[in-house]
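Number of protein chains: 2
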Amino acid sequence: MTVLDGKKTAQDLKEEIKTTVSEIKKSGQRPPHLAAILVGNDGASLTYVGSKVRSCEYVGFDSTLIRLDESTTEEILLDKIEELNQDDQLDGYIVQLPLPKNIDEEKILLAIDPKKDVDGFHPSNFGRMALEMDSFIPATPYGIMELLERYKIETSGKHCVVVGRSHIVGRPISILMSQKGPAGNATVTVAHSRTQNLTSLTKNADIIVMALGIPEYLTAEMIKEGATIIDVGITRVADENHPKGYVIKGDVAYDEVAAKAAAITPVPGGVGPMTIAMLLKNTLLAFQRKN
Amino acid sequence: MTVLDGKKTAQDLKEEIKTTVSEIKKSGQRPPHLAAILVGNDGASLTYVGSKVRSCEYVGFDSTLIRLDESTTEEILLDKIEELNQDDQLDGYIVQLPLPKNIDEEKILLAIDPKKDVDGFHPSNFGRMALEMDSFIPATPYGIMELLERYKIETSGKHCVVVGRSHIVGRPISILMSQKGPAGNATVTVAHSRTQNLTSLTKNADIIVMALGIPEYLTAEMIKEGATIIDVGITRVADENHPKGYVIKGDVAYDEVAAKAAAITPVPGGVGPMTIAMLLKNTLLAFQRKN
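These protein sequence lines are chains A and B, in that order. Take the first sequence: its letters are residues 20 to 310, numbered as in my numbering. Take the second sequence: its letters are residues 20 to 310, numbered as in my numbering.
Quick caveat, the hints were computed from the structure, so don't treat them as lab data. The reader is advised that the hints may include incorrect statements.
Intra- or inter-copy, both count: the list cannot distinguish identical chains.
[Stated by the list, open to error] Here are the simulated SDA-like pairs of lysine to any residue, each with C-alpha atoms no more than 25 Å apart in a straight line: (1) LYS171 x GLN215; (2) LYS309 x ASP123; (3) LYS199 x ILE127; (4) LYS171 x ALA281; (5) LYS134 x ASN104; (6) LYS26 x ASP225; (7) LYS222 x SER212; (8) LYS99 x SER82; (9) LYS222 x TYR170; (10) LYS177 x GLU240; (11) LYS171 x SER212; (12) LYS171 x MET20; (13) LYS27 x VAL68; (14) LYS120 x ASP153; (15) LYS126 x ASP153; (16) LYS126 x THR92; (17) LYS120 x MET152; (18) LYS177 x TYR236; (19) LYS309 x TYR77; (20) LYS177 x ASN216; (21) LYS126 x LEU150; (22) LYS243 x GLY176; (23) LYS309 x SER41; (24) LYS126 x GLY200; (25) LYS199 x GLN215; (26) LYS199 x LEU128.
Bound conformation, chain A alone (with noise of 0.2 Å):
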């Protein structure tokens, strides 16, 4: 059984961009440079935003951090958005999501330019990933698309379950394993909340997706024997016996299911590192596509 190791597969791709961004340096360029905007004060956000920064540090890239009051207004957001697109030296820029009640997302996601949309959340990279144009990938699929190949799991012609249909990750993730190319070309089923009978269906899959976030969903006696397992879920379950009073839980039973998949992904340590890493990706490819 082979765990594929998102942390250290994510170290890998950290240490080659670092590699990268040294050899532009050299050539008396200035590095890629990636900005999050951060509106509020919210814990998870302030983390996650926070590990986004020193990422770029490490990998020698410019970050820019700009928090914005909680009592920020739309119109304040979408100035500053503007003023990001238009910045020559900035080549890439996520917005850290939830945003304020008072503040409409769809509008905030659509005044970004898509040029600079290293989240790909755009509609229009969305748009183009899927009409198998150049775009940016949203980190996480695109995480899931990097494991896959670097342990050269075998997807052509092979059935892949994918659960759970949302925007960021089931969706994508569905378009892309059966899109021709690395990691593709797979027979892939999406399955969601109105599947009925989804057991009948992941016990005749190859490789099973899971991204529904309901912890530890999926259990051994719904795959087949040498499945491959990629864990999307990370819920936080109350657990008081641990000093943080919770912990992370995956959508996979993991020891049970482990015990009989061929390859599994684990959490914490799975697809979490991968979107970080593929974040950078992302950014060092919008400073590529720029130069």
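Since chain A is already given, all that's left is putting chain B on it; use the hints.
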């Protein structure tokens, strides 16, 4: 067994659109206006465009056919597109494909204002569709959704197998049927040329969408009793006994499959006639969104 009569349904739709247009005119507004650009003299393209123009006239739309010489350069075509983008009296337009080889189709597509892209081929529209925002849905998948809805085919929780992963049929219909909404909420599998053991998939499907382009590929032994069959194939097959020298065949061996299916689209007279009706519908939508 129900024949999903695309010819009749398309006619119903046209009558509905005609009624709406006559109300628009009564209110003193100009009617919706569709333009089509045709470059060169391809026989099939001339037929398609002619049929679109006649349908516009039938429902009371204004229509403009712009014919450009086979020798038209990319630059001239791009200028024409910019002119149409700026024209306030025009709601939507299409550029008939294929284009002459010296013209980059992707470049042309990207130049079309997404708000006038009534073919729904621009990546911005594709992305908006996939992300469940207002968009223009390409005519063929839109027509299939309309047929399923009008014939009240239950899709929620049903297993649908889409055979074909093209940008204009297989991919979009797989997304639409798996989203929430009318004719949606299906569990959808996308199969394609690399799929292994297609029959094991189609035999378990409640709904099969054939968009492969191989005449009479789907046979009775590949389906389960009572399935719904949507046939998108239209291939010209040589037939010396036919006055035209060919007949049009779908991807489905109609007679034997119809005998086992609960519902089926014929070829011709199924999905085909729906596409022009949906183009008219998109043009009406473009008009309504502007006004």
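Hint check results:
no.	hint	verdict
1	LYS171 x GLN215	between (32 Å within a copy, 19 Å between copies)
2	LYS309 x ASP123	between (29 Å within a copy, 22 Å between copies)
3	LYS199 x ILE127	between (32 Å within a copy, 24 Å between copies)
4	LYS171 x ALA281	within (12 Å within a copy, 43 Å between copies)
5	LYS134 x ASN104	both (9 Å within a copy, 22 Å between copies)
6	LYS26 x ASP225	within (24 Å within a copy, 41 Å between copies)
7	LYS222 x SER212	both (17 Å within a copy, 23 Å between copies)
8	LYS99 x SER82	within (16 Å within a copy, 43 Å between copies)
9	LYS222 x TYR170	within (23 Å within a copy, 33 Å between copies)
10	LYS177 x GLU240	both (20 Å within a copy, 23 Å between copies)
11	LYS171 x SER212	between (31 Å within a copy, 21 Å between copies)
12	LYS171 x MET20	within (14 Å within a copy, 47 Å between copies)
13	LYS27 x VAL68	within (21 Å within a copy, 56 Å between copies)
14	LYS120 x ASP153	between (33 Å within a copy, 22 Å between copies)
15	LYS126 x ASP153	both (24 Å within a copy, 13 Å between copies)
16	LYS126 x THR92	within (13 Å within a copy, 37 Å between copies)
17	LYS120 x MET152	between (34 Å within a copy, 19 Å between copies)
18	LYS177 x TYR236	both (23 Å within a copy, 22 Å between copies)
19	LYS309 x TYR77	within (22 Å within a copy, 49 Å between copies)
20	LYS177 x ASN216	both (20 Å within a copy, 10 Å between copies)
21	LYS126 x LEU150	both (24 Å within a copy, 14 Å between copies)
22	LYS243 x GLY176	both (17 Å within a copy, 23 Å between copies)
23	LYS309 x SER41	within (18 Å within a copy, 50 Å between copies)
24	LYS126 x GLY200	between (33 Å within a copy, 23 Å between copies)
25	LYS199 x GLN215	between (29 Å within a copy, 15 Å between copies)
26	LYS199 x LEU128	between (29 Å within a copy, 22 Å between copies)
The structure is consistent with each of the numbered hints, conforming to all of them.
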